[in-house]
Amino acid sequence: MDAHNSAGQTHGINSAHKPRGDFTARAPAALANPTLRANFRRAMDGLMTKRAAQFADRDAWTALRARGAAARANALARLPELLERLEDRCTANGIRVHWAETAAEANAIVLAILREAGATRVIKGKSMVSEEIGLNHHLEAHGVTAVESDLGEYIIQLAGEAPSHIVMPCIHKNKAEIAQLFAENIPGQPYTEDVDSLTAAARRALRQRFAAAEAGISGVNFAVAETGTLVLIENEGNGRLSTTLPPLHIAVTGIEKVVERLDDVPPLLALLPRSATGQAITTYVNMISGPRKPDEKDGPREVHLVLYDGGRSRVYDDAELRDTLRCIRCGACMNHCPVYARVGGHTYRFVYPGPIGKILSPQLEGLDCAGDQPFASSLCGACSEVCPVQIPLADILVRLRQEAVRPSATPAVKGGGSQAGLAADLGWAGWRLVYGHPALYALVSRLLARLGNLIPASVPMLRQWTRFRTKPRFAARTLHELAARGGFDRE
Amino acid sequence: MTHSLPPHRPDTVYFFGTCLIDLFYPQAGLAGMELLRRAGLRVVFPPAQTCCGQPARNNGYMDEARAIALRQMEAFPQDWPIVVPSGSCAGMMRVHYPQLFAGRPEAPQVGAFAARVYELTWFLVHVLDLKLEDKGEPVTVTWHGSCSAQREMGVVDEPKRLLRSLTNVTLVENPRETECCGFGGTFSVKQPEVSAAMVSDKVAALESTGARHVVSGDCGCLMNITGAAAKARRDLTGSHIAEFLWERSHGRP
Amino acid sequence: MSDARARILARLRAARPSIPPARPDWAPPAIPPAERLARFTAMLEAVHAEVHAVPAAAWPAHLAPLLAAKGVRTVLAAPATWAGKALAADWPSRPDAPHLVAYDQPVEALKDRLVAGIDAAVTTTLGGIAETGSLVLWPTPDEPRLMSLLPPIHVALVDEAAITDTLAGLVAAANWAAAMPTNALLISGPSKTADIEQTLAYGVHGPKELVVLVLTR
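Chains as they are written, first to last, in the working numbering: chain A, 1 to 491; chain B, 1 to 253; chain C, 1 to 217.
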């Protein structure tokens, strides 16, 4: 074990030791589910259209995106210094800062804070990091009730499921399924597919939970080092309630969420909701810079910030892979991903699905755990094109493929080499031999032109191809031959 | 990444045929070369060319990709533009070659090589300002732009401008033009079901235009789309834009 | 957990540093003062908020029948603010005016009532942002945070002269970075969700209605 591997052996309760590289095996079931296909296709089409309308002015988009990317890249370039400054400013503001290397540590810190406060009833705002560390499960196991309050998270918590999208967690469910869930789980709620009525039912059920909660737990969208401010954005108001009504607020965030200056926030705010849902801005932008002051009448009396590593410092170690950490979790990459749109979030089996998940999950949890997932992309580049902070997702995916088949000498990614194999190595050695020797290539290509069509469709690659397509036909003469006949110069 | 114009209109260009065209669509390659020749250029086809190396790169075999890239660079020694009838292979050479050699001693020469690489339709429009006389019967077609052409080479409108310039050709826009057809090289066989779902949707989108013929600048996409259409017995054929343009303006090469 | 802190920072410091890129010049499109109110109004109305331009001197008189028509009987107000004082001065003499409830104690003393027993709240704002149709609120000891959140209707008072063009401009011009309050808020519409089949529904947790009174002079 080298020094890198000491970071975060376990990230997330269901992770580390459970290989989840079965994307290929799981995809057909999702593809064969017409309801799921239709739900995702309709939702993604709508989101893409709305986003495009927000960024219709290409020049404005280009300038804004460059500013947003620079804010994130700048923060990463100075991450250790900015984390210390964030801690200093938060502490000066009365926010207590904690550091956690692993999921187990983060969970233990949160539980200890709750125990010290005697809190057993927790209301949660939406937080992907809390999903990542399996916080709800940990709290439940220790006698603390944690209720999700974001409507989508509440729905999937009732259903006992995981989010299928990082912004819209229950996007895979239709209203009939939700109506059934509410009728079964909310006392006095009849079966209805009326969305206003379902929403009102959730409001009634959760109001009481908010009122009774002894602590609120939230994520963070941006942590501003300059001012010690936690910026949270949302539409429902549950995030504000979770961070305002209970006497204790615990914010859990990845260490990468820091930005240096308050003036980095407006451009990022101009990018995030527009990229995510095509909204000009979310209903609420909530900037928290401390607990309730003595003369204030509301707000939590204690605010804690848990800075979670969970393998991020390892991602940070590689200058190319580091760009992964720019992510502001808008979900635009998955909204535009032709693979995600067809298989949905659950096929990935990681907390973060879609393109960002495909580059982040293998780095946090290991390439061995991610299996074939880095290869489950056509590399179309739609994700890189829409990423508001210019993460080169497709290039990072290719880099991870490289680490999966030929790991760097100093392992850059945990579980590197997991897809290496003698057969593949031999295949590529053969490929290199043929394409690296023009005379050999001339021989092979001319042979294929004469005899290639005799190759049966049952050979491995052709077999997969011809399940859904006709067999390609070799031409009788190669272009090399036709060019020579056509009188084109050779040099 | 977009092209920049060469300093002056070249007399001579290289043609990089691509491995897929070499074996499966040589008529498309030949048509591309004829288009360039009829525009008055000397077209050089170095026989030592093989493949751009993209399959290895996309699968993570960087050493293999670099080895093949260097062989291609050797095959195109003169300072002439290299015209490529594929956004995908052009993107590999233009965008990814410099990435593959970043920080290596070869980087400067790789950079100079990459800067000479042009996607065919972009070259026809911006460098040659090609004008075509349409000698064909009236036909309605739709266009499929490859992901690499759009996103790596910045080729979006150029092929459609060429198609629209043909008087008897009606071009109908594909409502899902920017969406991947599901080819992705080895992706199509490593993720066969996902790829099949993508190409099935692509065929449906192309059919929804009312056109029965799709023109594309990339033979990988074409092989995928027309192969899926044929397997599903759909009434949709396809051709590479070079072949289509050549046949409309000159007959079969 | 200071060990974790030391180890995380040490790992980050051991990584090869990247050069912090310069922040390119960027400014959101400026909105001329004459167009701000129209943009502000249009953006808010587009997200289901109600906007009324009313004379600054007469807003309580305008608001009373407006809320009565919505069936509002109780209104949470901050008695120590200028808005609370104006309401206290104007409404008791109006037969149609809702009953005022003062948020004058810590939340713990009022929790049940705040959570479920009040129809609307009236707050001031620091101003508005035309670009996104946003209200800027810095809650204070006199005008606490939950006022704009718990009751089903939130009435916000915005001085027309305090409508600025963009957040970026406001943060820079007012030098927010020098002294952030405990809580700073942007509110751009009523509480909403689209979590059920992307169908918009309002009032899922916060106010179902946002009524903005733009005070004109």
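Among the clues, some could well be false.
As the list claims (entries may be wrong) - Now the stretches of chain A that chain C is said to cover, found in silico as 3 or more residues with beta-carbon under 8 Å:
#1 54 to 65
#2 433 to 446
What the hints assert, rightly or not - If we take Cβ atoms under 10 Å as the criterion, some of the chain B residues that face chain A in the derived model are:
#3 R57
#4 V125
#5 H126
Hints are computed from structural coordinates only; laboratory data are not their basis.
Being a predicted model, the structure only gives us computed values, none of them experimental.
A virtual CB, placed ideally from N, CA and C, is assigned to each residue, including glycine.
For each hint, the structure was consulted:
Counting residues of the region 54 to 65 of chain A whose beta carbon lies closer than 8 Å to any beta carbon of chain C gives 3, which meets the minimum of three for the stated coverage. Counting residues of the region 433 to 446 of chain A whose CB lies closer than 8 Å to any CB of chain C gives 0, which falls below the minimum of 3, so the coverage claim is violated. At its closest, the beta carbon of R57 of chain B sits 7 Å from a beta carbon of chain A; the interface hint therefore holds under the 10 Å criterion. Evaluation of the V125 of chain B hint against chain A yields a violated restraint, the C-beta minimum of about 20 Å exceeding 10 Å.
Among the interface hints, the one on H126 of chain B is violated; its C-beta lies about 19 Å from the nearest C-beta in chain A, farther than the 10 Å criterion.
Consistency note: the structure conflicts with the earlier hints numbered 2, 4, 5.
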